[in-house]
Amino acid sequence: MKVSLLVGIVLVNTIVAVAAPLQVAFIRTLQDFLWTYSGVIALVGMTALVVSGLMAADRILTSPTLRLVYQAVHRAIALASVGFLFAHITLQVAFSGVGLFSAIVPIGTDITIVFGVFASNLMILIIATSMLRKRFAGTRWQWVWRGVHTTAYLCWPMAIVHGLTAGRPEAGYVTLGYALCLAAVGAALVVRMLMRPDTGRRDPERRANVVRDGGRPRSKATVIRRGLSGDDEAVPTTSVTGAFDASGTRSGDMPTERPGSLVEDAEFWSSLRSPRSEREEP
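If you use the UniProt record's numbering, the sequence shown corresponds to residues 1 to 282, in order.
Hints should not be assumed to be uniformly reliable.
Distance condition first, Cα-Cα at most 20 Å in a straight line; then the derived SDA-like pairs of lysine to any residue [stated by the list, open to error]:
no. : residue 1 : residue 2
1   : K134      : T112
2   : K134      : G147
3   : K134      : V144
4   : K134      : W145
5   : K134      : L68
6   : K134      : T150
7   : K134      : F118
8   : K134      : W156
9   : K134      : R67
10  : K134      : R146
11  : K134      : A57
12  : K134      : H74
Treat the hints as calculated values from the structure; they're not laboratory data.
Take the sequences, apply the hints, and build the full model.
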């Protein structure tokens with residue numbers, strides 16, 4: 001038993017000794033890669049964070065299931081971006097002469113470094129408060145998460161400025177990548193603003209009716225069945241072709257009442273339910 005253990009230890013040490021140069025070469029290659037591209041990857045990840053966050057908040061173009069997917073992607077990208085950001089900061093502190101204190105509090109440093117420090121601090125704060133979001137929900141401090149999260153619109157352009165101005169001159173493809181990041185976020189913002197729901201929340205009566213109905217859209221066939229079954233309260237006075245969620249947010253169109261609509265007059269349905277003798281004139 002002791003001989004087998006000794007042989008095993010010798011074999012393991014031999015393998016480690018033989019592979020050590022390869023490990024050193026791999027570590028050096030990885031270090032060079034992170035030194036060159038970790039900041040760029042963190043910026044691309046931040047761009048994807050903003051875009052996926054805008055898509056996850058959309059209630060017009062995306063379904064509830066797709067919004068859940070966007071939220072999961074949003075969280076995964078956030079963690080990956082923080083990893084590359086940590087590598088970028090660590091390597092800059094270790095090899096570029098940036099002090100550890102200056103990497104946290106940008107006092108007495110170049111303005112281009114200041115942009116990067118503020119951007120990284122905001123990003124870490126945003127992700128930290130997002131991890132504690134459940135602690136803010138339902139309390140008087142629930143505005144904290146939303147307020148901090150909104151600073152992403154400030155954090156991201158500061159990171160762009162830092163990437164374009166700090167350090168060595170950027171290659172042409174890197175500048176093109178930054179331009180594509182700007183275009184992606186700009187397009188997502190335009191779509192978000194153009195498709196922003198503008199009614200739904202302003203109609204308390206419609207909102208109350210939809211909340212009572214569980215937030216599901218009513219088809220004409222459903223309205224007819226409810227009207228004939230004797231459920232007076234279930235008969236709306238407006239033809240609904242859109243859908244609201246339980247908070248009253250519109251996810252479809254709410255047309256105005258049309259003459260001749262199947263649900264135009266609730267009294268009509270009541271007359272159908274009354275005995276025939278009562279409907280006939282004497």
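Against the structure, the hints:
1. K134 - T112: Not satisfied, since the Cα-Cα distance of roughly 36 Å exceeds 20 Å.
2. K134 - G147: holds, 15 Å
3. K134 - V144: OK: K134 and V144 at ~12 Å, within 20 Å.
4. K134 - W145: Holds, because 10 Å separates the two Cα atoms, which is no more than 20 Å.
5. K134 - L68: Judged against 20 Å, a Cα distance of about 17 Å means the pair holds.
6. K134 - T150: Roughly 17 Å separates the two Cα atoms, so the pair holds.
7. K134 - F118: With Cα atoms ~26 Å apart, K134 and F118 exceed 20 Å; violated.
8. K134 - W156: violated, 25 Å
9. K134 - R67: holds, 19 Å
10. K134 - R146: It holds: about 12 Å lies between the C-alpha atoms, which stays within 20 Å.
11. K134 - A57: holds, 18 Å
12. K134 - H74: holds, 17 Å
Violated hints, in rising order: 1, 7, 8; the structure is consistent with all others.
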